[in-house]
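All letters in the sequence shown, in the order written, are residues 0 to 133 by numbering that gives the first Met the number 0.
Keep in mind the hints are simulated off the structure, nothing from the lab.
For every residue, glycine included, the Cβ atom is placed at its ideal position computed from N, Cα and C.
Do not rely on the hints blindly, as some may be mistaken.
The calculated label-pair distances, taken between Cβ atoms and stated as ranges, are [what the hints assert, rightly or not]:
1) Pro-131 to Ala-14: 29 to 35 Å
2) Pro-39 to Glu-77: 14 to 20 Å
3) Thr-90 to Val-24: 29 to 35 Å
4) Pro-131 to Ser-40: 35 to 41 Å
5) Val-74 to Asn-15: 29 to 35 Å
Here are the simulated lysine to aspartate or glutamate pairs, EDC-like style, with alpha carbons at most 16 Å apart [stated by the list, open to error]:
6) Lys-81 to Glu-100
7) Lys-27 to Glu-97
8) Lys-81 to Glu-121
9) Lys-117 to Glu-91
10) Lys-104 to Glu-77
11) Lys-102 to Glu-77
12) Lys-103 to Asp-59
13) Lys-81 to Glu-113
14) Lys-27 to Glu-89
15) Lys-27 to Glu-100
16) Lys-83 to Glu-113
17) Lys-83 to Asp-115
18) Lys-83 to Glu-121
19) Lys-104 to Glu-71
20) Lys-102 to Glu-121
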Amino acid sequence: MEVLSDDQCFVCGPANPQGLHADFVVDKEGRRAHCVIRIPSQFQGWQGLVHGGILATLLDEAGVYACRATGEHFVTAELTVKYKLPVPVETELLVFAEVVEQKKKIHFVQARVEADGKLLAESSSRIFAITPKG
Numbered sequence: 000m001e002v003l004s005d006d007q008c009f010v011c012g013p014a015n016p017q018g019l020h021a022d023f024v025v026d027k028e029g030r031r032a033h034c035v036i037r038i039p040s041q042f043q044g045w046q047g048l049v050h051g052g053i054l055a056t057l058l059d060e061a062g063v064y065a066c067r068a069t070g071e072h073f074v075t076a077e078l079t080v081k082y083k084l085p086v087p088v089e090t091e092l093l094v095f096a097e098v099v100e101q102k103k104k105i106h107f108v109q110a111r112v113e114a115d116g117k118l119l120a121e122s123s124s125r126i127f128a129i130t131p132k133g
């Protein structure tokens, strides 16, 4: 499987006109990643609230970015999300992820979405390093 750079990612791809355009900052030494983002109303689920799938997608992407500090490529094998509070659209959100443990090619990641110091959603995930061919 060949893994190529792609600017069409739904979450972070700058060339995807329907995407979220999240701009993650990676701390390579700490194996962490974060971004600040506002989710527009086109991604609401119900009456002005961000769709839960969008929050899960952000948590997943943040986890992969935290892992990418190693320079490898990754795929998510498992993602468990806990929703704590409803999230209104257009709210400034902090999305943060950190690798908390690594066992060979498996990275264990904790991530969260916050606004104004309040925890809105959190996740734990197992993310696998993959070796691209070519």
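Against the structure, the hints:
1. At roughly 21 Å, the beta carbons of Pro-131 and Ala-14 sit outside the given window of 29 to 35 Å.
2. Distance hint for Pro-39 and Glu-77: a CB-CB separation of about 29 Å, inconsistent with the stated range 14 to 20 Å.
3. Roughly 20 Å separates the CB atoms of Thr-90 and Val-24, a value that falls outside the hinted 29 to 35 Å.
4. Checked against the hint of 35 to 41 Å, the pair Pro-131 and Ser-40 passes, with Cβ atoms roughly 37 Å apart.
5. A C-beta distance of roughly 19 Å is found between Val-74 and Asn-15, which places it outside the suggested range of 29 to 35 Å.
6. Taking the CA atoms of Lys-81 and Glu-100, the gap is about 20 Å. The hint is violated against a cut of 16 Å.
7. For the hint pairing Lys-27 with Glu-97, the CA-to-CA distance comes to about 10 Å; that is within 16 Å, so the pair holds.
8. Proposed proximity of Lys-81 and Glu-121 is supported: the alpha carbons are some 5 Å apart, at most 16 Å.
9. Between Lys-117 and Glu-91, the direct Cα distance comes to roughly 12 Å. Compliance with the 16 Å bound is thereby established for this hinted pair.
10. This hinted pair checks out: Lys-104 and Glu-77 have alpha carbons roughly 14 Å apart, not beyond 16 Å.
11. For the suggested pair Lys-102 and Glu-77, the alpha carbons sit about 15 Å apart, so the restraint of at most 16 Å is met.
12. Only pairs whose Cα atoms come within 16 Å are accepted, and Lys-103 paired with Asp-59 is rejected, the gap being roughly 20 Å.
13. A hinted pair counts as satisfied when its Cα atoms are at most 16 Å apart, and Lys-81 with Glu-113 qualifies at roughly 13 Å.
14. Of the pairs offered as hints, the one joining Lys-27 and Glu-89 is violated, with about 29 Å between alpha carbons and a cut-off of 16 Å exceeded.
15. Of the pairs offered as hints, the one joining Lys-27 and Glu-100 holds, with about 15 Å between alpha carbons and a cut-off of 16 Å not exceeded.
16. Only pairs whose Cα atoms come within 16 Å are accepted, and Lys-83 paired with Glu-113 is accepted, the gap being roughly 10 Å.
17. At most 16 Å may separate the alpha-carbon atoms for a hinted pair to count; Lys-83 and Asp-115 meet this at roughly 14 Å.
18. As the CA atoms of Lys-83 and Glu-121 are separated by approximately 8 Å, the hinted pair is consistent with the 16 Å bound.
19. This hinted pair checks out: Lys-104 and Glu-71 have alpha carbons roughly 10 Å apart, not beyond 16 Å.
20. Annotation: proposed proximity of Lys-102 to Glu-121 is violated, straight-line Cα distance about 22 Å (limit 16 Å).
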